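Number of protein chains: 2
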Amino acid sequence: MGASFRLRYPLVMKFCSTCGHPVISKIPEGDHLPRFVCTACNTIHYENPRIIAGCIPEWEGKLLLCRRAIEPRRGYWTIPAGFMENGEAVQDAAAREAQEEALADVEIGSLAAIVNVIRAHQVHIMFRARLKNTNFGVGPESLEVGMYDEADIPWSEIAFLSVDFALRRYLEDRRAGREDAHFRDIDYVDGKIVLRDR
Amino acid sequence: MGASFRLRYPLVMKFCSTCGHPVISKIPEGDHLPRFVCTACNTIHYENPRIIAGCIPEWEGKLLLCRRAIEPRRGYWTIPAGFMENGEAVQDAAAREAQEEALADVEIGSLAAIVNVIRAHQVHIMFRARLKNTNFGVGPESLEVGMYDEADIPWSEIAFLSVDFALRRYLEDRRAGREDAHFRDIDYVDGKIVLRDR
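Protein chains in written order, with the working numbering: chain A, 1 to 198; chain B, 1001 to 1198.
Be a bit skeptical, because a hint or two may be false.
[Claimed, not checked] Computed, partial: chain A to chain B, Cβ under 8 Å:
#: 1; residue: Ser17
#: 2; residue: Glu47
#: 3; residue: Pro49
#: 4; residue: Arg50
#: 5; residue: Asn86
#: 6; residue: Glu88
#: 7; residue: Val90
#: 8; residue: Gln91
#: 9; residue: Leu111
#: 10; residue: Asn116
#: 11; residue: His121
#: 12; residue: Val123
#: 13; residue: Ala181
#: 14; residue: Arg198
Read the hints as simulated data drawn from the structure, not as lab findings.
Here the structure is a predicted model, which is why all the values come from computation and not from measurement.
Heads up, the beta-carbon is just placed ideally off N, CA and C, and yes, glycines get one too.
Construct the complete structure from the given sequences, taking the supplied hints into account.
Structure below.
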């Protein structure tokens, strides 16, 4: 199960995962950012952004959406998406999330969007997808799964800004007969959401 | 400094970074993959793929390449690329790496390639870029930085398969007057490298 969009890691490291001794936050020699460094074995523990892989499954013009059964944003609608795992490709992660959240078989298509969700330390990578059949269902992380015509998409109940962005660009492209990739940053500055297109 | 392409983390976790007690590897309830889980506080420690952000800086038809001063692949040529950091966008990470490795000011352009480097737990995301001026130099992680005409690229001394792929597709696209995004997996199966285009 993808544990989608939850922060997946303790934000503050207190102990070295290699030797168990306390770590401190400091800028290692030759580096330019503070890292957690072990006071005993000197291991440097890097934290880097994580990838959320998702897809927009289409069937006869309708889009598959899932209503979330888990926090954050329980009860809101999203596309299948979740944390990419070690040992897989980002496209396969997106297809796996469709299987897990909507029991859906999809064929991954072109890249739809890359969204830098800067304060969450996440990069959301979302692909177009074709539903291979209509044997989808409700996965354990979903309350409900449905196929939506463009006119019926519950825009006011979309779980995440990145998903709203990907869906809107997807539909604009579809109307125009193209399949572009779209890029945006979602950031917070002085407590306010700032959106930057690229 | 980007510490490019080095494995950035201990591959095996022995102690909980939250409480310092030993962890074991097990599949948490409701999950489907083994994770390191603390025997005392039950914290689940997830490991996910990391992003290498890079760019292909161009100036008057020539491409900027760096000869690596660090392992792995010391002495081999690459484009500016390195680990994306928390708090930045992938495009800004690519530009920062150009600054660090080649003291180069670049303007990031369109997406050139996404390569899943599966066994390394990395996703390489590489952009086209325009060198803003020719005031580049040799950063501390480079032995040498140069501008190469297509005919002079040292193909047999390129450091990484992902970079070879991005450069070749970039040049093909340039000849054809297009700017496509290209996708590949680099995997190992039975001890052999397997390349999969997508």
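| query | Looking back at the hints listed earlier, which ones does the structure fail to meet? | reply | Those not satisfied: there are none.
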